[in-house]
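There are 4 protein chains.
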Amino acid sequence: MAAKIKVAILGATGIVGQRFVQLLQDHPWFEISALAASERSVGRPYAEAVRWKLDTPLPPSVRDLPVLEPKPDLEAHIAFSSLDASVAGPIEEHFAQAGYAVISNSKNHRMDEDVPLLVPEINSEHLALIERQQARRGYRKGFIVTNPNCSATTLSLALAPLERAFGIASVVVTTLQAVSGAGYPGVPSLDILGNVIPYISEEEEKIERETRKIFGRLRDHTIEFHPMSVSATATRIPVLDGHTESVSVQLRTPATLEEITDALRSYRSLPQQLRLPSAPEHPIVLVEEQDRPQPRLDVYREKGMATIVGRVRPCSALGWKFVILGHNTLRGAAGAAILNAELLKAQGFLRCLE
Amino acid sequence: MAAKIKVAILGATGIVGQRFVQLLQDHPWFEISALAASERSVGRPYAEAVRWKLDTPLPPSVRDLPVLEPKPDLEAHIAFSSLDASVAGPIEEHFAQAGYAVISNSKNHRMDEDVPLLVPEINSEHLALIERQQARRGYRKGFIVTNPNCSATTLSLALAPLERAFGIASVVVTTLQAVSGAGYPGVPSLDILGNVIPYISEEEEKIERETRKIFGRLRDHTIEFHPMSVSATATRIPVLDGHTESVSVQLRTPATLEEITDALRSYRSLPQQLRLPSAPEHPIVLVEEQDRPQPRLDVYREKGMATIVGRVRPCSALGWKFVILGHNTLRGAAGAAILNAELLKAQGFLRCLE
Amino acid sequence: MAAKIKVAILGATGIVGQRFVQLLQDHPWFEISALAASERSVGRPYAEAVRWKLDTPLPPSVRDLPVLEPKPDLEAHIAFSSLDASVAGPIEEHFAQAGYAVISNSKNHRMDEDVPLLVPEINSEHLALIERQQARRGYRKGFIVTNPNCSATTLSLALAPLERAFGIASVVVTTLQAVSGAGYPGVPSLDILGNVIPYISEEEEKIERETRKIFGRLRDHTIEFHPMSVSATATRIPVLDGHTESVSVQLRTPATLEEITDALRSYRSLPQQLRLPSAPEHPIVLVEEQDRPQPRLDVYREKGMATIVGRVRPCSALGWKFVILGHNTLRGAAGAAILNAELLKAQGFLRCLE
Amino acid sequence: MAAKIKVAILGATGIVGQRFVQLLQDHPWFEISALAASERSVGRPYAEAVRWKLDTPLPPSVRDLPVLEPKPDLEAHIAFSSLDASVAGPIEEHFAQAGYAVISNSKNHRMDEDVPLLVPEINSEHLALIERQQARRGYRKGFIVTNPNCSATTLSLALAPLERAFGIASVVVTTLQAVSGAGYPGVPSLDILGNVIPYISEEEEKIERETRKIFGRLRDHTIEFHPMSVSATATRIPVLDGHTESVSVQLRTPATLEEITDALRSYRSLPQQLRLPSAPEHPIVLVEEQDRPQPRLDVYREKGMATIVGRVRPCSALGWKFVILGHNTLRGAAGAAILNAELLKAQGFLRCLE
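The listed protein sequences derive, respectively, from chains A, B, C and D.
Be aware that the first sequence starts at 3, since it is given in the numbering used here, and climbs by one per residue.
Be aware that the second sequence starts at 3, since it is given in the numbering used here, and climbs by one per residue.
Be aware that the third sequence starts at 3, since it is given in the numbering used here, and climbs by one per residue.
Be aware that the fourth sequence starts at 3, since it is given in the numbering used here, and climbs by one per residue.
Please note that a few of the clues may not be correct.
Because identical chains cannot be distinguished in the list, a pair is counted as satisfied if it fits within a single copy or across any two copies.
What the hints assert, rightly or not - DMTMM-like mimics (lysine to aspartate or glutamate), calculated; alpha carbons at most 20 Å apart, straight line:
id, residue 1, residue 2
1, Lys143, Glu127
2, Lys305, Asp75
3, Lys305, Asp57
4, Lys8, Glu226
5, Lys55, Glu291
6, Lys143, Asp116
7, Lys55, Glu290
8, Lys143, Glu50
9, Lys6, Glu261
10, Lys143, Glu204
11, Lys305, Asp114
12, Lys55, Asp293
13, Lys8, Glu33
14, Lys143, Glu210
15, Lys305, Glu226
Think of the hints as simulated: they come from the structure by calculation, not from any bench.
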């Protein structure tokens with residue numbers, strides 16, 4: 003068995019950082035070699051620095067790892083980043099400059115025109131941007147690849163089969179988002195117990211913008227955004243994990259209910275063909291019961307790496323509508339980044355290993 | 003001071019029935035003279051028969067009222083009905099036949115073509131149907147008037163100023179509904195704690211259908227449904243009281259943001275002009291903060307009788323979008339029925355009093 | 003009508019500060035003349051500085067009041083303090099030194115031996131400490147009076163009738179506390195949604211210590227702590243307002259169930275005799291239903307100023323047990339302080355007015 | 003590999019029945035051969051009859067099993083019962099009479115003097131009652147063994163090391179119980195969202211009585227109840243799974259904190275020695291962090307089969323106190339019954355197999 007690839011986690015103490023730790027503890031290809039976080043935690047053993055909020059125990063193998071500064075002298079080839087947006091931008095650049103493959107969940111570089119906003123099931127061809135990125139920025143082996151916002155990822159996976167089969171003209175989406183999406187301490191309980199907060203800072207813009215980049219066409223080493231219109235309303239509700247989204251969609255070509263559900267159910271893509279370790283067997287899970295998907299019952303299907311789709315039915319305004327669900331810190335964050343790294347490895351992009 | 007009008011409550015022990023009791027205990031025009039409910043409760047004092055779930059105490063004046071059968075021999079002129087849909091239909095007809103003004107919150111007769119689906123701020127002219135109803139059904143003095151489903155009421159109030167000023171072509175709405183809307187025992191806690199149920203039986207059809215009747219045009223003693231398309235997705239969330247709705251709307255004529263907010267803010271109608279006791283001073287309350295309206299903070303504005311509107315902004319798919327909130331058992335149920343009764347009295351429709 | 007007494011609120015933007023503002027907006031004796039808070043808020047209008055979290059609107063009369071520094075140059079005679087414990091100590095002393103009657107909800111001076119820990123229904127004679135306090139500290143007209151921790155107040159009110167009638171030897175109490183007790187932002191939703199946190203910093207010590215001071219005997223100008231043992235376990239649960247407490251108590255003299263419920267039900271004390279504006283008519287409300295008290299249904303009884311007691315029954319270990327409920331930010335905080343101020347005024351302690 | 007033992011589940015569609023199905027799907031010794039439930043479900047495939055509420059999928063192997071009547075003609079040797087108490091009594095007797103080993107989670111026979119109330123870590127010697135039971139009732143090979151109420155099980159496991167090492171004189175316990183303990187539909191959301199219900203029917207009596215039987219001494223073929231006094235207050239809170247309990251305990255002999263934590267930490271018993279498949283490696287898990295155990299973070303430790311103990315500290319009234327947590331439908335119900343069955347098999351009590 004080949005030695006595992008050493009990976010560092012930047013922002014390792016946050017909620018997404020904890021998911022990275024959880025998902026990477028037994029990964030077949032990667033092993034955690036360094037944990038970095040903000041100044042407050044530096045120098046302390048991880049078990050002391052983190053306020054572990056997951057319901058599986060803190061993996062013993064990382065308990066005593068010292069939390070390091072997020073400086074590009076970590077012993078690793080890949081740097082998974084869930085750094086806070088207030089600092090992620092330049093730190094990620096420093097790591098890329100220094101030769102690391104930076105696989106980021108942070109928003110800072112998502113809209114950079116030479117940075118792929120990667121969803122392996124949808125736009126693996128966008129990885130061609132890496133070459134341009136390295137040329138332009140003078141990175142030798144390193145690069146930055148990002149995954150989308152949690153709500154945009156969940157939505158895009160559900161749209162992918164429809165775009166492939168019928169084309170998408172317009173989308174109206176309302177999200178009902180879990181509190182874990184806001185990190186820790188995140189949403190105060192006084193604000194959300196028995197309540198709805200019908201606003202999440204910047205979230206709607208991210209959903210609207212990122213979705214169009216994800217489905218963009220690579221042309222002349224740049225991404226032409228998809229012309230679909232996307233209109234989002236983002237709300238926060240008292241749910242722990244799992245973003246639910248109510249979606250109406252206008253297709254470019256007519257489709258029957260059966261054609262749509264067939265397209266959703268049968269969708270497979272590169273990660274499935276490559277059998278990437280974190281790839282869901284079914285990137286879209288279609289549920290039949292009329293009162294599903296539900297976060298509590300469905301969010302861990304396909305290990306939290308799929309978009310669950312239910313209630314596909316006609317929409318008198320736009321054509322079709324349905325309800326979708328995705329796990330915001332798994333497929334919506336840490337899991338997405340890890341799947342991205344797996345694709346990069348499988349496709350030979352990890353020149354940093356050479 | 004004129005004697006108060008005696009009113010009976012049919013279905014007095016349910017959640018909406020309790021709201022009737024609460025709202026009518028000090029009403030300036032009406033007084034509770036009889037409480038009726040299902041067989042299980044009949045014969046017991048109200049205080050024993052009811053499982054009181056409101057956070058104001060059970061009014062002493064009704065504690066000892068015996069719960070009666072819902073038969074049209076109650077000493078009252080008006081019968082407020084929140085009977086279960088499984089029995090409401092014929093019982094309400096018997097009461098109307100017997101001369102009672104039946105003001106119903108139940109769904110059974112809402113779509114009858116000779117029954118007004120009344121929102122006093124919107125379609126008071128629909129009361130002209132009563133004459134036809136009485137002629138057709140052979141009711142002498144009695145009649146049936148209904149109020150819409152809670153989600154449809156909240157939505158219609160927000161749409162009314164837009165319809166009046168600009169015309170409405172199409173609406174896409176996703177609701178986030180409170181558990182009190184399902185009555186008692188209603189939604190099991192195992193289903194809803196930390197969860198979303200993306201389905202409420204018949205709710206979407208009610209919203210889509212009732213909204214178009216509410217805005218329908220009275221022509222030749224019948225209601226021509228409004229041609230707008232309405233597409234609804236209804237979800238249940240762990241909130242006690244207050245339905246939140248995410249709304250996108252396509253107007254018939256162009257409007258600026260300022261014109262829209264002006265229309266919403268300045269909307270007044272008949273109940274305000276008549277100063278009906280339960281009429282909100284502002285049927286629409288426009289909130290400016292970007293993270294509002296919120297059920298916990300806003301649902302009791304205007305005593306729960308208004309629709310709270312916030313986050314008015316462009317929608318790339320349909321034109322405009324916003325978030326609204328209404329109290330599902332006040333303006334959405336018992337309060338709506340009482341306001342209907344007030345309008346009927348003020349407009350001289352209570353011939354049952356003669 | 004006499005002019006109202008001007009009062010300042012120190013710590014006006016916090017959750018308890020908001021309750022002060024809410025309760026004082028129409029107070030018959032007091033009027034808000036100044037609002038003070040921490041540096042971050044100073045200079046801004048109150049409506050901008052505060053994140054208003056109550057479900058009644060921000061009173062218009064204070065919207066534009068500028069937030070001032072908590073320095074003893076405020077135009078007021080009484081200073082209600084809900085300052086953060088990290089700063090309350092010296093600030094309150096400065097105000098007392100400068101002649102203000104400081105009525106504090108903060109913990110800092112509660113255990114000072116010359117500061118009354120006042121519950122007007124229980125230990126008004128402790129106000130005799132003021133004279134000693136002023137002498138010792140060189141305060142001329144000013145002084146500091148404190149109210150107990152929310153859980154201790156709720157518990158003490160329930161114990162008072164039992165102490166008066168039978169004497170108390172020992173108490174075991176487990177609290178189920180609401181999140182509003184932790185202020186804002188307070189408890190992260192990720193920690194408490196669908197969860198219990200079986201620990202609240204310092205809370206158990208406060209309950210155990212303060213209860214014994216409240217029931218202490220004034221002797222030679224000092225308080226001899228009551229010899230009862232009090233053992234507390236404090237937990238946080240996902241409830242917004244209202245602390246529930248499960249209490250077992252060992253009495254000094256035997257009592258029957260009837261004697262105990264009579265003692266609870268009939269308890270009246272000085273605030274009731276003086277008809278203080280904020281005094282509950284019944285400081286203890288005894289509920290008969292076996293599944294009560296419940297925060298959602300009972301916490302606003304007596305305007306949140308009473309302890310609600312239910313389920314009085316034998317305890318095989320200690321003798322008797324029951325369940326109690328109190329509103330943590332009303333009788334447990336702001337309301338308690340205001341009642342204290344009313345007692346001080348009624349008893350002629352406000353020499354600061356001279 | 004020996005053939006697996008065929009087991010039937012009586013009451014298979016309820017919440018505990020679902021846990022039986024979940025836990026038994028890959029059991030090394032047992033295999034589900036029959037599912038029985040109430041009349042409403044009989045004849046339908048299990049997948050249709052059940053409203054599956056667990057967050058792992060319904061096992062494919064039972065989807066199509068027809069739901070049968072709970073009559074003793076099922077093809078099985080063991081009958082796990084989670085029948086509703088309204089019917090469990092005689093049905094379980096019929097099964098025992100017919101030769102089945104009835105392993106029941108229902109309350110009906112728990113207090114029968116010839117029926118073991120078994121906690122394998124505590125009172126395996128009580129199985130000697132089976133012989134007397136068979137003799138008295140004329141059962142040939144069958145018998146009834148019960149497991150305690152969920153709260154009593156969690157409590158007893160925590161008390162066991164203390165009883166063994168120091169003896170227990172008295173216990174005061176307040177429970178904070180999850181809604182899954184009430185089955186489905188169980189607790190209405192209107193009752194429990196943001197609320198506490200300080201009463202659970204019969205729960206306190208069960209805790210008080212069953213704990214004393216569990217620790218009872220087998221003497222002359224009967225169980226002498228343990229003389230400890232147990233005083234319980236049971237509350238329901240908005241938590242899905244996991245009962246938290248605040249416990250004060252009076253020991254018979256003095257103990258230091260270290261002796262107590264050592265006793266808790268080192269406790270092992272027969273199921274651990276026999277390495278029963280469902281036995282937790284540590285029947286008691288001692289957590290050090292002062293804000294633990296918490297249901298959301300700790301309830302699945304040891305696969306939900308242990309009692310988690312934290313916050314061990316002195317109690318001024320009784321001596322010692324601590325907070326415990328147990329999974330109410332795993333160790334508190336289905337898991338307990340399966341562990342009982344494993345012990346019975348390992349100890350040779352399954353004569354029904356002969």
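**Report entry** Violations among the numbered hints, reported as their numbers in ascending order
**Finding:** Violated: hints 2, 4, 8, 9, 10, 11, 14 and 15.
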